[in-house]
Structure formats: C-alpha cells, structure tokens
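> Just so we're aligned, residue 579 is where the sequence shown starts under this note's numbering, counting upward by one.
To be clear, the hints were calculated from the coordinates, so they are not data collected in a lab. Please note that a few of the clues may not be correct.
Claimed, not checked - So the derived label-pair ranges between C-beta atoms look like this:
| hint | residue 1 | residue 2 | range |
| --- | --- | --- | --- |
| 1 | 598 | 751 | 40 to 50 Å |
| 2 | 791 | 614 | 14 to 24 Å |
| 3 | 707 | 667 | 38 to 48 Å |
| 4 | 613 | 792 | 27 to 37 Å |
| 5 | 724 | 685 | 44 to 54 Å |
| 6 | 692 | 638 | 33 to 43 Å |
| 7 | 751 | 781 | 12 to 22 Å |
| 8 | 706 | 677 | 21 to 31 Å |
| 9 | 754 | 651 | 41 to 51 Å |
| 10 | 781 | 617 | 22 to 32 Å |
Don't be surprised by glycine CBs; every beta carbon is placed ideally from N, CA and C.
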Amino acid sequence: MLFFVYSCEDVIEVDIPSDPPRLVIDALVRVNVNENFTNVVVKVSETSSFFESTPIATLDQITLTNIDNPPSGNEAILFEDSPGVYSRSFPTEELMTDNYVLQINYNGEIFLAFSQFEAAPEINSIIQGDATLFDNDDIEVIVNYTDIPEEENFYLFDFDFDEFLATEDTFYQDQEFEFSYFYDEPLEIGTEVEVSILGINEDFYNYMNLLIDQSGQQDVGVFATPSVTVRGNFINATNIDNIDNFDNVDQSDNFALGYFAIVQENKSSFIVQ
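Based on the provided sequences and hints, a complete structural model is requested.
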C-alpha cells in the first residue's frame, strides 16, 4: 500500500505498513486487596493501518475461569458494558489465591492466557522534589517503598498519564528503596498525580521493558500497539486438542497482542507545586 504526499512540485511516495489486523487485549486486572470483590475489566480492539483510528473489536465470547475451583453455569462469562469493553465482578480472595485462564473467542478463533496473582508493597511516601534531569521544566517525584522480603520481586510503576517504569529488586532485595522519576511534560500547578505500584512476574517485567523501550515512553499505555510487535502471553489455541501439549499447533504467527495479568495495586498521590 502506498501513501502519496503532494506539494506544489514533488510527489513523495511512502511505504505504509499493511500487516493483517491483530486482536489487541488490555487485560491487566488491578486488585485492591481491601475490597471483597474486584471488577475485572477487559478492553479489546484491533490493530489498524498507520493513519487510521483504532477499530473496536466485538468478541463472540470472553470468559475468566478459576482453574483451581471451576465455576458452575455462566459465572465465568464477562459481559459487554460498551463497545470493546467487557467486565464482571469476581471474589477478591479467589483472585489472590487461585490460578486463572482468560479465554477469548473471536472470529472463529480461540485465544488463551494464564495468570496468577502477584503481590505488591505499599508506597511508604511520595513527594515532589526540586531536581531536574534535562531542562528546568522537568518535574521530579521521589518514591519510597520497601521490597517484599525473602523472595525475588518485580514491580511496575504507573506514574499516570500513560507513563510506566518496570523494576526488579536485584540491587535492593528485602530493603527500603527510594528513587526519583522525572516527568518531562509540563504539569499544571495544583494537579493531583496518582502513582501506583503493581506486583508483576518476570515475564510481564520483560514484556513491559520491551514495550516501553520501543514506544520511547510516549503514550505507551500498557497494551498500546507498539511500532514493532511485542508478543505478550496470549496464544492461539484454536486447533489445540490437548491443553497439555501445544506441539500440534501450527499457528506460531497467529496470536493476539496484549497481556493478561492479575496484580495487586497500591496507590499514592501528590499535588504538583
């Protein structure tokens, strides 16, 4: 496919990517452990050509199934709240203790992803600093938290405004840790900025690092389509006849984008001064 840009004298031909559309799944389940129920929300869309808006996807069915304690009836089915948005409430305690599989039926194909709850520590403190990184408009936020002891941990920080940072505890295991993060876009004085820490596993940590690197940290979103495809944890299970054996699947290039994860979220906020 070619895109033509006209000027008074010249014609410039630009090659535009024309890959077949893929399903994009935003399935990050953020759990507040102090609530009895968690509203699980999954958003789906399709990849689009370079200059087109992102089309909404309509699913045949979507289910979130507790593998350890399978539900009866239709208790696993998520229902469409609005175009491309599906949700249902699940018991928080079960989300924290059991294994889950998210199944999406779409255009005659089946996509699966598995997840188990990952814990996160509290944020001890969050304050605005006065240091700068590249120019005087930078805003520094100083975050302090304590690593969950006696285990290898990975965390994802959501700094609001679609800005994320993935970190591992290799150099601060079992310790209190403090670091600075810099916003390079201007923020109005008086703006309340919400910061979250999410517990994640190593696979999700690697996925987010790739996504952030390829996006250049510009409006990445957790499941925005990157310039180069980053594969998440969804597999195409359409032709699988044995869930314990994936060798019979000839769909290595037919997968959905995005990630399914069940994570604890702890929040704090600061007011821009």
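> Could you run down the list of hints and mark each one as holding or not?
Quick rundown of the hints versus the structure:
Checked against the given bound of 40 to 50 Å, the beta carbons of residue 598 and residue 751, roughly 44 Å apart, stay inside it. Separation of residue 791 from residue 614 is about 38 Å and departs from the stated range, judged on CB atoms against 14 to 24 Å. The hinted window of 38 to 48 Å between residue 707 and residue 667 holds, with their beta carbons roughly 39 Å apart. Evaluation of the 27 to 37 Å hint for residue 613 and residue 792 yields a pass: the beta carbon distance comes to about 34 Å.
For residue 724 paired with residue 685, a C-beta distance near 46 Å keeps the hint of 44 to 54 Å intact. Distance hint check for residue 692 and residue 638: the Cβ-Cβ separation is about 20 Å, which falls outside the suggested range of 33 to 43 Å. Distance hint check: the CB atoms of residue 751 and residue 781 are about 19 Å apart, consistent with the given range 12 to 22 Å. Distance hint for residue 706 and residue 677: a CB-CB separation of about 40 Å, inconsistent with the stated range 21 to 31 Å.
Residue 754 and residue 651 have their C-beta atoms about 47 Å apart, which keeps the hinted 41 to 51 Å range intact. Separated by about 25 Å at the C-beta atoms, residue 781 and residue 617 satisfy the suggested range of 22 to 32 Å.
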